[in-house]
Amino acid sequence: MNAVSALELGRQIRDGERSAVEATDAVLARIGERDAGLGALREATVEHARTTAAEIDRRVAAGEAMGPLAGVPVALKDNICTRGLPTTCGSRILEGWRPPYDATVVTRLAAAGMVTVGKTNMDEFAMGSSTENSAYEATVNPLDSSRVPGGSSGGSAAAVAAGLVPLALGSDTGGSIRQPAAFCGVVGVKPTYGRVSRFGLVAYASSLDQIGPFATNVADAAALLEAIAGHDAMDSTSIPEAFPDITARLGDGVDGLRVGLPREFLGDGIAEDVRRRVHAAADALAAAGAVVDETSVPAAAHALSAYYIIAPAEASSNLSRFDGVRFGVRKDAPTTPEMYDLTRSAGFGHEVKNRIMLGTYALSAGYYDAYYGTAQKVRTLVIADFDAAYERFDVLLAPTAPTTAFPRNTLVHDPVKLYQQDICTIPTNLAGHPAMSVPFGTGDDGLPVGVQVLAPALGEVDMFRVAAVLEEVAP
Amino acid sequence: MSESVGGTGETFVTNRPQQPQNPAVPDGWEIIIGLEVHAELATHTKLFSGSLNEFGGEPNTNIDPVTLGLPGALPVLNRQAVELAIRTGLALNCTVQRSVFARKNYFYPDMPKGYQISQYDLPINVDGWLEIPAGQDGAATRIGIERAHLEEDTGKSSHMGGASGRIHDAAYSLIDFNRAGVPLLEIVGRPDLRTADEAKAYVSELRDILVAVGASDGKMEEGSMRVDCNVSVRRIGEGLGTRCEIKNVNTLRGLGRAIDYEARRQIDLINSGEEVQQETRHWNDDTGRTSTLRSKEEATDYRYFPEPDLVVVDPGPEWIESVRAALPMLPRERRARLVERTEVSARGAAIVVERGLDNLVVAAIEAGGDPNRTITHAEHNLAGDDAGRLTPEGLAALTRLEVEGAVTATQAKTLLAAMVERGPSADPVAIAAELGFEAMKSDELDAIVDRLIAEFPDDWAKFCGGENKVMGFFVGQVMKATQGKADGKAVTAALNARKP
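Protein sequence lines correspond, in order, to chains A and B.
According to the working numbering, the residues represented by the first sequence are 1 to 475, in order.
According to the working numbering, the residues represented by the second sequence are 1001 to 1500, in order.
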C-alpha cells in the first residue's frame, strides 16, 4: 500500500477493486507489526475502524456516490476529540478520558466516508517540537531511529512517513504540523486561521491553534484539507468564506507567480544545507516561470519572543479546566485547593508546568502590559510586515525548520534551543496565515529537508500551486 | 468585577434636591452606597451554548460540553442575550458600544473552565443612569450607571455534611451545572446612593425596568437578581471613606438592614479611633450582621485577557436603533405620563406605576373618566392584582357617577370593591341601583342638617364660636341619620353654609 496514494486508494475502493475493510485491515496489521518500535500511535481504534469501513463498503455496494477519500484510513492527533474513543493529549491528566462528543473535523471526516484508525502520539498538550514530551512514550523518526520525528504532531508525521496510514491530521500552533512534516519527509499544511474548525480540538493557544493535514503528497493533502475545511457555526473564529477547490488548481503551475525570499528566514540560525535547499527550490520555481526576489519581514525576528508570551498566556488559562472536578484524573485531598494541587502536579508534565507558570506570570497584574501587551503589539507588527511583503509577492519561500531532524534526547533538555526550532514557522501562526511544508531533497546527513511555502490569509490556492511544482521538481 | 475597573470615586450627575435625612446614622454623617446588580437574562438558551436557560429542574440536566468546560468545547455567543443587554442598556440611558469578552481566571469547583467569560475593559453598555422615583420626601433622583456588561453565571455548589452549609466545614460538595453559562448582565451603579431606602428604591426601579424590557424576570428570591453592595461612610463634606463590599444580600429588606448595620459598624470603628479595612463581607440575615469574607490582601489576581475563542461584539447603529425603536414605555415615562394627565403627586404616580395600574388609569381617562377621581382610586383603593378585574370603561363610568353626584365617595369605594369582585363585565350603574346607592337629594340633606342643629344647640353654638373640631360631631350625626348615604363633602358644605 506504500506506493498507493490516498486518492488512488479512494478510487480503488469506489471502483470496487479493493474494499474499505481490506484497506483498513491492512493498515491495522501494519500498525500492529511496526508501531511498537516507532511509538507513532497512542491507540489503534480497531473496532471503530472496522465498523466504519464495513459501512462504507455497504454504501459502495449499494451504488451510493462517494467522495474521493471514502474508505481511506486516517489517523488523528490525540488532541482531537473522538466520541467514545480515548483522547489523552499525550497527558496523564486525561488518561482514560473518553469525550462524549466528536470534534467538527471528525464529523467531517465521517461525512467524507473516511475511516479513523487511531490516535497519534504528541507532545503533551502540543507543547514541544520533538514528541519527546509525551507522558506515554517518545515517538521515533521512521527514517532514522536515532532522530526525533519533530513535534508536537510527531506521531501523525511518523505514521504517514512510515506508511502506517496514508493520511493524518495534526494541529499547528507554532509549527507543530510543518516541522515534523519536514523532519519526516512528508507534506504538512497549516491552513489560514479559521479555515478549519477548532471545535473539539483541545486548546493549547486558542488564537494560534489550527488543524491541518499530513500526506505523502500534495494532492492527497489538498483532498484531506478540502474534506475538513469550511465554516463551522460551533467555532466563533471560523471563517465564513467557502473553501476553494484547490484540487482543481494544483496543475496551474507558477508562471508569473511572484515568489519572495524573506531574509529574516534565511539568516545565521539556519543550517547551511537547509539554506541551500531553499535557494535551490527558489531557482526551480524561477525555472518554472515564477518571478523570484528577495524581500524582508522585519518583525518576524521578534515573533519567537512574542509567541512565547502569547501561547503560554493562553495555555495557562486554557489548561485551568483540568482541575480534577469534572473529568480526567483526580487525586483526592482533604480540601479543594489541595485536590487541585495534587491533581495538577501529578497530571501535568514538566514542560506543561513550565508554560503554565510562564503564562500566568505574563498575565499577572503589574506585568500584563510589559509582557502580554507588548507581545500583542509585536503580533500586530508581524501582520503589518507580512501585509507589506504580500503587496509585492503572492507567496514567500522559507525553510520549515532550521535543521534536519535532530538526535533524540538532546534538545528536550534545553528548552530555549528547542523553542528556536520554531523560528521559521511561528511568524505565520502569529499572522494567522497559511503555510505548508513540502519535502525538497535532503541535508548533508541524508535526512529530508522541508521547504516552507507561506501565503497571505485565504491564499491556499497559490500556496498549493507552488507546492505542487516543488513536489514535481524536488530532487 | 468593578473592583478593578474604572474610577468610581466621583459622583455622577444627580439631581437630588437636598441631603436626604437619614435616621440610621448620627447627625453629620452620611453613607455612600454603590450597588452591583447581577441580573439573569431571560433568554431561551445559555450565553454560549444551546442548553436551556431554565430555573429549577433536576441537577445537571441542562448541560453540554460547553457548559461543562470539556476539553475542546468552544463558546458561541447567544444573539438574544446581546439583544437583551442592548435593550437594558438603552433603558438605562447607556451608550451601547463595541465590546470585547475577556477571561477572568480563578479556580472554583462550580466554575467549569477555570475562568469566567465576562466583559472587562470594553463592556457593551457604559455611562447611563436610572431615576429612582420620588419617596416620602418629594422628588425623583438620578443615579449613575457606570456600566452594564454581559457575563456567564457559575454553577451552584451545595456543601453537605457540615453545620453551616458553607464550604469550610463541609464533608463533601455537590455541584449542579444547570446555572453555569446562564447569561448575566452585571449592572454597576455609581456610588450615588445615600440611604438604605434609596438603595432599595434603586433595586426596585432597576427590577421594574428589567421586567418592562423583558430582559429578566427580576426575581430576587430565585436568584435571578443578585445584589452586591459597596458601603462606606464619611462625615458630610469630607472625602470618601474606605469601602466594604457586602455579599449574600438576597432580599430588599435584607439590603436595607445590611447597609444600616454596616454603616453603623464603620462609624463605630472610626469613632473608636480605628480604621475601616477594605474587604469583602458576608451578610447574615439571621444574625443581622456582616462578617469578614476576605480581606483586600486575599483578593485574587484575575489575570484578565481578551477571550481568544470569541470575536469582538459590534452591534452597529442599525441594530441599536431598531432595538431602541422597539423599547416599551419605561417606568419613568409612565410616571411622568400620570403626573401630566392628572393632579397626582410624584409619590402617588410612583405608587400607581409600581402597582402596574397606570395603563388602566390612562385608558379609563381616555374612555371619559374623571382624571383625578380615576387616579385616586388607583392610588388608594386598588391593588396591582385588581387591574385585570376592571375595564377602563367600567372605571370611567364609576367616576362619572361620582362627578354627577349620583354616588358619594364612600359609596364609590364600596362600588369599586364590588366591581373588582364581580369582574370585567360589572356595570357600576347597575350595582349602584342594586345596592340602593342613590345620592341623597340636597333638600333631604338640608332637612336633616337643620333638624340636628335644632337638636344640639350647645354644640352648634360652639361650632359657630370657632371650635372646628365640633364639625366632626355633626358630620358623624348626619352619617348616622342617613346610614352613610350622605356625601361627607356635601355635609361639610351644608354646615359651613349655616354658620352665621
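Quick caveat, the hints were computed from the structure, so don't treat them as lab data.
Mixed in with the good hints, there may be bad ones.
[Unchecked claim] Okay, the calculated bits of chain A under chain B, using three or more residues with CB under 8 Å as the criterion:
{"hint": "1", "segment": "86-94"}
{"hint": "2", "segment": "234-240"}
{"hint": "3", "segment": "405-416"}
[To be verified] Here are the in silico distance ranges between beta carbons for each label pair:
{"hint": "4", "chain 1": "B", "residue 1": "Gly1050", "chain 2": "A", "residue 2": "Glu272", "range": "31 to 37 Å"}
{"hint": "5", "chain 1": "B", "residue 1": "Glu1222", "chain 2": "A", "residue 2": "Glu55", "range": "44 to 50 Å"}
{"hint": "6", "chain 1": "A", "residue 1": "Asp387", "chain 2": "B", "residue 2": "Ile1320", "range": "55 to 61 Å"}
Using N, Cα and C, we set each Cβ at its ideal position, and we do this for glycine too.
Structure-based check of all given hints:
With a threshold of 8 Å between beta carbons, the proposed coverage of the segment 86-94 of chain A by chain B holds, since 3 of its residues qualify and at least three are required. Coverage of a stretch by a chain is defined here by at least three residues with a beta carbon nearer than 8 Å to that chain's beta carbons; for the segment 234-240 of chain A and chain B the count is 4, and the condition holds. Counting residues of the segment 405-416 of chain A whose beta-carbon sits less than 8 Å from any beta-carbon of chain B gives 0, not enough to reach three: the coverage restraint is violated. Against the hinted window of 31 to 37 Å, the Cβ-Cβ separation of Gly1050/B and Glu272/A comes to about 56 Å, which falls outside the hint.
Distance hint check for Glu1222/B and Glu55/A: the Cβ-Cβ separation is about 48 Å, which falls inside the suggested range of 44 to 50 Å. One distance hint, 55 to 61 Å for the beta-carbon pair Asp387/A and Ile1320/B, is violated here, with the actual separation near 32 Å.
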